[in-house]
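Between the sequences and the hints, there should be enough to build the whole structure, so can you do that?
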Amino acid sequence: MSEAFFTIQDLWVRYVTDHETVYAVNGLSLSLKRGQTLGLVGETGAGKTTTALSIMRLLPPRVSRVDQGNILFNGVSLMDLSEEEMRRVRGEKIAMIYQDPMTSLNPVMTVGDQVQEVLELHKKQSRRALYKRVDELFAMVGIPPDRKKEYPHQFSGGMKQRIVIAMALACEPELLIADEPTTALDVTIQAQVLQMIAKLKDELDTSMLLITHDLGVVAQTCDMVAIMYAGKIIESGTVHDIFHNKDHHPYTEGLFGSIPKLTVESRRLSPIEGLMPDPTNLPDGCAFAGRCPACMPICMAQEPDYCQRASHAIKCHLFTGENRGEAV
Amino acid sequence: MHKYVLKRLILMVPIILGVIFIVFTITSLTPGDPGRMMLGMTASQEAVDKLNEELGFNDPYVVRFAKYLGNIVRGDFGKSYKNNQPVFDEIFARFPTTLKLALASITVTILIGIPLGVLAAVRQYSKLDMISTVSALFIAAVPSFWLALVCILAFSLHLGWFPPNGIGSIAHYVMPTFTLSVVYAASILRMTRTTMLESIRQDYVRTARGKGATPAQVIWRHALKNALLPVVTSMGMSFGGLLGGAVVIEQVFGMPGLGTLLINAIKMKDIPQVMAITIFLATLFCTIMLLVDILYAFIDPRIKARYTS
Amino acid sequence: MKKLLGAVGIMLVLVMVLTGCAGKDPAQTAAPSKSDTAGADAPGQTGDGRTDIVIGMAGEPVSVEPQSAYDAAGSKVVCNVYDGLVDVDDDNNIIANLAKDWDISDDGLVYTFHLRDDIRFHNGDPLTAEDFVYSIEKAIELGYGEETTGVIDHVEATGEHTLDVTLKHPYKPMMQNFAHSKYLYVVNSKLAKEAGDNFAINPVGAGTGPYKFVSWTSGVNVKLEANEDYHRGAPAIKEATFKFIPEQSSGAIALETGDVDVYTDLSFVDVPKLMEKDDIQVDVTLGRYAYYLCMNQTKEMFQDIRVRQALAYSINMDEFILAVLNGIGGTKTGNVVFPDTFGYAEGYPPFEQNVEEAKRLLAEAGYPDGISFTILATDGLRKVSAETLQGMMAKSGIDVKIDLLDFSAMVDKQVTDQHDVIIMNSSAPIEDADSELTDKIMSGKWGNFSRYANPVVDDLMVQARMELDDAKRADLYAQIQEILRTELPIVPMYYAHVASGANANLKGFRAWGSTYIFLRGMSW
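Protein chains in written order, with our numbering: chain A, 42 to 369; chain B, 4 to 312; chain C, 558 to 1081.
Hints were generated in silico from the structure; no laboratory data involved.
One or more hints might be untrue.
[Stated by the list, open to error] Just the calculated beta-carbon pair ranges, DEER-fashion:
id, chain 1, residue 1, chain 2, residue 2, range
1, A, D59, B, H5, 51 to 61 angstroms
2, C, G884, B, L114, 40 to 50 angstroms
3, B, K10, A, D243, 49 to 59 angstroms
4, B, K70, C, I862, 49 to 59 angstroms
5, C, D974, B, E56, 19 to 29 angstroms
6, B, L131, A, G198, 36 to 46 angstroms
Glycine included, each C-beta is placed from N, C-alpha and C at the ideal position.
This is how it looks when you write it as structure tokens:
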């Protein structure tokens, strides 16, 4: 098995405005092995998209601050690259599929041009080869190449997302970041699109960071899972660890409600009582303490460490120190 | 698209008829009569009445309006009360000056306003943004009359670079063009900045950056084209306005344009001349707005789709 | 915020620099550079041998046909292109021109002119009496010069070079009309008839004057060239361009930059600055306009002489001229007749402000608490004047309201007697008391917006007009002026000045009080 080629180490990201400071990512670490898919799961506001944009270095300028941490890609720190070097990474080595295909495409450019643009930016080739490649990409995502002269508004949501996918995969990137690629789509085509992503990823031997809050999706497509809460990974492991192991972070338990059957096609996260802590004012101790059914005094005071069992890591006092073993 | 253009062209007819009706009515309702304006304060009322009678001004409003419409249908727009010359002779004599000034001004406006607006938006809160935004505010608040005079004083009188007055050479157009452009560019700049700020926050701009597009490509290729629609409208209106004649600038720089012609005609109650200029300008303005709409279609395919359907 | 303040600061500095160099530097730097090229200070050098001239004026002619050139700009062109039957010398004495001599019938009704037989129009056609018949009839028909042509009954050619002009009634100043009125200038009747309406804008070859009409470019200029065969000698300046510069301040700058050699319509704001310049000559002279207050006497309040007098005593004309006319744009007067014209009577000095007297008169007239009325005004001079009067009259307990209108709307109100008070200026085409008084004070005259109707004055005016004996006429006008002073139907304010400027090297330049500018006497 190959070593992790992509690692995030202790990433801290804040958004600072005149009125407030939002602590979006607070000491996040994760790693991904070549060819694998990592599912990053969490509620809205957990910091998943911020993490993705940190990797791409596309965080909104001025308001965002990366305080600490490192992102290593093939042993090179993305943080240390110049803007121009980073530009060459984007789209070629690391590509991204966005949440909302409706707004992710430029409305005044033909879709063909938008796909072609990626190739022009990164791959020097003849016009003819270029057009041929564009046609291939369209065919690859299941859109007739003769429609490349059309504009985004002439396509349905699912078709647009296919175009975004074609764009992302045009240069056969080493890492694909898919940020909730199906949430904005009709339920009927979500599976289709997702299957296509998974298939193409395998064909192109690309690694993927799949951001989602759909546990069904995770079960179907991921090798590894990381559960995110208030800017931190609170539990991570293989799909087997998350879906079959007995011990879980109480938040993960909450997410499942009851452990879902793998046969269930798709399942939304079951609601957990209470809200995420205010990201402008995070509590001491465990961020989940306020909503946790198993909350202990220590949880309010001290942030738990990870409890590592083989590939499975849980960040909870239930499994650390003297509490170990008392767990349910 | 052709159908749409044809439809719009046909729609221009009622618009221009409306303009004719409104302007004719206003000139009729406003006090004063052409005879008095032409003969002056010392002329006797009999002489004034006689002249008004000859001009047909004493007929009832409805009769005059009907006659007027009948005449213009036959292509006869009448003769100026002022000097008995066909009204369009004067318009065509003046229009080239106005057109040259308008074209030069709108070009310079675009060349100044859009790049600066884009830069101000891209470097929001930078010194460049501050200076251009504040200058734009300042210039928008400055009367163009004052600006024109300052230009004359500085560049004509003091430095002797440009002639202060008249037309004839390109040099004559420099200061009027500058004065007009600066004023219009100020508003285009502010508008471009606003729409650009909106546009660069759009998802597709992030997509473009995510592709690895260079900052220049992101701005000029992706963000600007989307930010341009409201700016194009505004430029169309500005251009229409410029064609109507920048009266103040024409006055200060002694340029014989349509604006001064219109103002003088209104002052003299030279109704045929006023009507002819108004009809001419209304037609021109409608045409420009149609061209703007067609330009829209080229900028935004979604609008084109709407036209064709 | 700090950044914003900084940016504002930079802008302010920029503006100050710009306006600063505009306000001060030209006087220091432009003048020497100008005189270098113009050679103003170089002794013995007269101009630079130029034979052309560019005259800037505030308007564009409405016509360049004398019978319809009713505006000031048109006058300036036609007075150089066309000629009249007679002319005047420097002392306003009648001298021969196109007519070599003339007879006036004993009843003063028929004027017989004997034309010179060697005069040719610019196109070479010989001048005949028929041309005058055509021109004068055209003037009467068009009606623009009614104040001078109205008295003419008919005109006929009694020979190829003999012309009879018959008046409706005896009119002593008629010869002045023949000399001064552009409406009585002659045009080539053949060309005029051929050209029809086009004649008014393109009368090539139709004049007999010192300059030939060359072209008129709408909105730009009118060009003339010297008539080398002019019967009184070819003019020194061979090419003249009349340029239209509507904005007075632009005109002054054009004069300073040398863009024009003459600007005929200077604003009094620019005059003092221009006077300081070595390379520019400025001439300020009495215009043919007297400004006066018309008080509508169909309104009860103004039927009382004491109220009218109170108004006269409430004005401080010195302050007014300072405030409104920059101190140099007018001469205060107590009489609307001009001092140098026939019929002027001495002994009516300007009114001095006397607040107490004004209050006393108002109280006596039954208005112890003062009065209130509206002055009609248009934007510009009339508005500023009205505002200044408003401030002055308030001291005497007179509450002035200002109704700001568009010109035609104002005239409309006047005609329908909706006005209280207006500030009037009426020009007098010739230098004669008849011309200066008729429209202002005779009952039923259109320009009499005081609506003053005094049968005695009307009668005296008619008598004076018909009278052929100068001494008797002068006496009649003296009587009229005495009544006007006593009854004060109008309050005389000031004689307006006109200011023209020219390149200092231009010889023979001056400002004309009439709307004319005669190029024939000018040279470099």
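**Request:** Given the range 51 to 61 angstroms, decide if the beta-carbon distance of D59 (chain A) to H5 (chain B) lies inside it.
**Result:** holds, 53 angstroms
**Item:** C-beta pair G884 (chain C), L114 (chain B): status relative to the range 40 to 50 angstroms that was hinted
**Value:** With Cβ atoms ~47 angstroms apart, the hint holds.
**Message:** Please check whether K70 (chain B) and I862 (chain C) have a Cβ separation lying inside 49 to 59 angstroms.
**Reply:** Distance hint for K70 (chain B), I862 (chain C) holds at roughly 51 angstroms.
**Asked** Between D974 (chain C) and E56 (chain B), does the beta-carbon spacing fit 19 to 29 angstroms?
**Response** holds, 23 angstroms
**Prompt:** Does the hinted range 36 to 46 angstroms hold for L131 (chain B) and G198 (chain A) at CB?
**Reply:** Since L131 (chain B) and G198 (chain A) have Cβ atoms about 39 angstroms apart, the given range 36 to 46 angstroms holds.
**Request:** Given the hint of 49 to 59 angstroms, check if K10 (chain B) and D243 (chain A) actually sit that far apart at their C-beta atoms.
**Result:** With a Cβ separation near 53 angstroms, K10 (chain B) and D243 (chain A) satisfy 49 to 59 angstroms, so the hint holds.
In this structure, none of the earlier numbered hints is contradicted; all agree with it.
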